[in-house]
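If you're matching them up, the sequences are chains W and F in order. For the first sequence, counting from 1, position 130 maps to 130 in the working numbering; every step adds exactly one. Just remember that the working numbering sits 345 ahead of the position in the second sequence, which is counted from 1.
Simulated from the structure, these hints should not be mistaken for lab results.
Below, simulated DSSO-like cross-link-like pairs (lysine-lysine); rule was C-alpha separation at most 30 Å, straight line:
hint, chain 1, residue 1, chain 2, residue 2
1, W, Lys158, W, Lys230
2, F, Lys697, F, Lys387
3, W, Lys203, F, Lys387
4, F, Lys369, F, Lys387
5, W, Lys205, F, Lys387
6, F, Lys382, W, Lys205
7, F, Lys585, W, Lys315
8, F, Lys697, W, Lys203
9, W, Lys205, F, Lys697
10, F, Lys369, F, Lys697
11, F, Lys374, F, Lys387
12, F, Lys382, F, Lys369
13, F, Lys382, W, Lys203
14, F, Lys382, F, Lys697
15, F, Lys697, F, Lys374
Just a few of them, taken from the derived set where beta-carbon distance is under 10 Å, the chain W residues facing chain F:
hint, residue
16, Phe240
17, Thr289
18, Ser294
All values reported here derive from a predicted model rather than from experimental measurement. We put the CB at the ideal spot given by N, CA and C, even for glycine.
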Amino acid sequence: MGSFMRRATGTLIIPVGVFAVVWALAAIDGASLFSSSDSLMILARTTAVTMLTTMALAINLNSGRFDFSLGAMALASSTIGATIAINVGGGFPAMAAVTLAAGALLGAFSGLLYVTLRISPLVSSLGVTLLFEGLAFTITGGGNISFTQYPELVAFGKNLTALVIVIVLALVGVYTVFDRSRFGSDYRALITGQHAAVSAGVKEKGNAIATYAVSGGLMGVVGLIQASGKGLIEAGSINFSTIGIMFTAFLPMFVGGYIGRYSNDKLGYLLGALSMSVIGLGYSALRLTSAQQSLITAFLLVAFLIFLSNEERAKHWWRRARLGNRPPSGPAAPPRETAGVGASA
Amino acid sequence: MHDLNGTTVAQDDAVAGTPATPTKAAIAKEDAAAAAKARRGKLFADLAPLIGLAVLAVAFVLAGTSAGTNMGYAVETLVNQSVIVIIIATGAIFIFAMGSFDISLGASTLVAAMVAGLVHNATGNLWLMLGASVLAAVTASLISATLAAVFNLPVFVTTVAMLSVLGAVAAALVQTTGGAQIRIDRSFAREYDTLTVKIIVAVAFLALCVFLFNYTRLGRVEKLMGGNPVTARLTGVSMKLTAIAAFAIAGLGVGLGAFLTALRTPTLTVTSASDIGMNILVAMVFGGMVISGGPRSRIYAAIIGGISMALLNQTMSIMLQGMAGGAGIAQMVRAVLFLAVVWLAASGFRTKVLPR
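Okay, chain F solo, but in the shape it has when bound:
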């Protein structure tokens, strides 16, 4: 009754007919409880993509085993499906972390893959093919960044324009062959379209990205720009140079992804890689990337999201094999799981007003 518990004192005040005025101890206790709740919410939010990945992995193993699927082959397909998306999405995190948005990554991948194909057909050299792919993608990326930086344009709309330009460039590149496609020698492509090549390219690029994002000033500045651009500007950060660096790294990822795409799909048409742009976005968000960027950006989001999406696609393929309209149902299930994971990941960060 008369101990040091602030709540008890407040109750006594209320009983006495005076307004309840919580003591410092009561306020501190409430603050501590609220902080602990917020910490739990944020921890859960951080873990949600990993929990989603674990659940999908279990579902994949169960579905594959019960359907008698060759799991070795299924895992290889999984890597093939996810590695290109992971590479491009990891590079794109540098753009998204600073609160920008690039919708032209898929089109850029297609153009870079076509350039790679044309260079290979002209020279027969793998390294020139790789170099041309990276150069084309970085150039496309830097054009967007430079236009936005020099003319003060919104990045997203600039990349919408680039989407049209790159689509037109892809159509023009195809026309140079006199047909409707660019073909790379299939035996050459098969020789290098191996898990070893993919894993070497992916590990090298991911290591570079993790280092730049987590252990250099560039990564910190990008998160600051995404979280609070005014503070970033006031601290003397060069917004334009940082944005250009981010787009260059994303371009490098697109170039590597395009190189692997050209080896994987040696017959390139204007519709090749058409869904890559949006799949990158979905993978990043599925992996816990905050679309508005800022300090909650995680470089690992693309890896978690890319593998999760591939696991989900494989599981749905196994479960809905031969069913009419199965692809539509699979896509709806994908949508529901995507929204569920994003909802869980955002659970610790609700605001009074609706998010924008």
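Pulled out of the complex, with its shape left as it was, chain W reads as follows:
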């Protein structure tokens, strides 16, 4: 029972705490977090986009593979899906199917390029970003794709039920693939001991390509939600202008990692994304400018990282403070080594 309470507290303390603080701040200002009928839908859409992006980033980053191309995959896959749906027909089902398939294929291509060239994944993702942005630009000739005149294509991004279903399906799907399958076991073995896993017969290349494909599929869904929600795809985005979406995923990813200690990191990504979406509603309720929002988000990221990086040190100090001048009963753990410089980046 005590263990359950500890796990439940660790899992829920951040989202519940964030909601309480943001709600209180809004109430003090005389504002409400859910002031309009669209507030819940916006919350669900932001949560879905942030959670999917966080998962797409984290599944590769956990394996030491940094991927700049997430935004470019979302852009290119939604451009392909929307172009086919508008020019060939088939309505939203065609757009969704093609966007999802294109995302997975683009992701698999990115993975294939990485395992074939055997270059740093970060460097490979730079080339892939340029490639996919260029592809989207070439398909539209640099123009935007607007489909506000097709109501069936924009309905999905504004449907609360559909967005909640997407969140649940993605969470269950990613959890099953990475935590409850043979593929997931191999994936985790490669994370914890790359050389040992490869020596033991784990097929690293196939695992990497499949992980990239899942990441691409998730970004395809992100592209679909964003395109459907706005009724517009800015396909003329080149020169790395798509990488911004990746930065929204860092804080939820660290929050997810923290929550993962108590329950599951995938659930943590959802709760981290939900917390960020609540903060976003708070920004709107408090009428903060985009500059103020950026500053607060950056501060939260740094503050949370400082907490994570110095947790052991803080516990050590706390123990010493509690013990006063009495000698500790056992050898105290030394403070963690400096990890902030050099190769730790």
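Starting from the known structure of chain W, fit chain F onto it as the hints suggest.
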């Protein structure tokens, strides 16, 4: 049959039905062959960026000549396009050599350029403008380094946070003018936006960087930190001070680059210089810089990469002039060439497992 060739003896053993046990001579010969192959691979890897540069230069001359382009003007554009990236990227090599990664260099350039613009508008003094630009950039850089060093944060994520902060600062700086941009007097900017100024700034900074990186303890220590941080720590290297020094030098490069950016683009908005951050990264890698840092880091990588990227951009502009979607095709060609050069440069350093 019975000479001193170890291989022959091993074959005889095999024929006799006993397991083939290579002699010392055979092992030494195989080792020598493997070492020679590795040397050739590494030499080729080192030369790949230079070969890429030469090929792009030839392609640029051929495309320009056949299209009847004014080559003098094209070369001037080339220098204008590459010099800012080269300066900032050369400074950034000090960060990357020790295995760190700074994603906020583009945003830092924008803020420093805006500060330079505001100082010029307030004082009309070129030197104060230059000083303010350098001071703003070095301060931004040192904030990242200090945060990472004092609180044990991963450098990359610290610079992600700095990216947001600097974006917000840029927005706030623009708002101080009451409009959506910071304008510097165009005639003043044109007076100093010359090749001579750019070349003087670039040569002075590059000479300083080459000296510090190749001929001082700082450069050696940074490569050691990138190659083997544990050894660096055990040899008594101050990781924090070295990182702070690296960020300060990178900040100096950003400040100089921002100064030239303000002269080149005297109307600054929050989107100015938005692609500089990533172009710096691409240029360094294109020039043969190893992203994980270490002993293979080369201070010349930014120069080779910066010129290569500018040559490629110019060549593609000439070839795809007037074509619908030409910018997209140009970017895809750029991506393919970038990946090809990086693949060649990494050819001598493959491992059994996938790189991370």
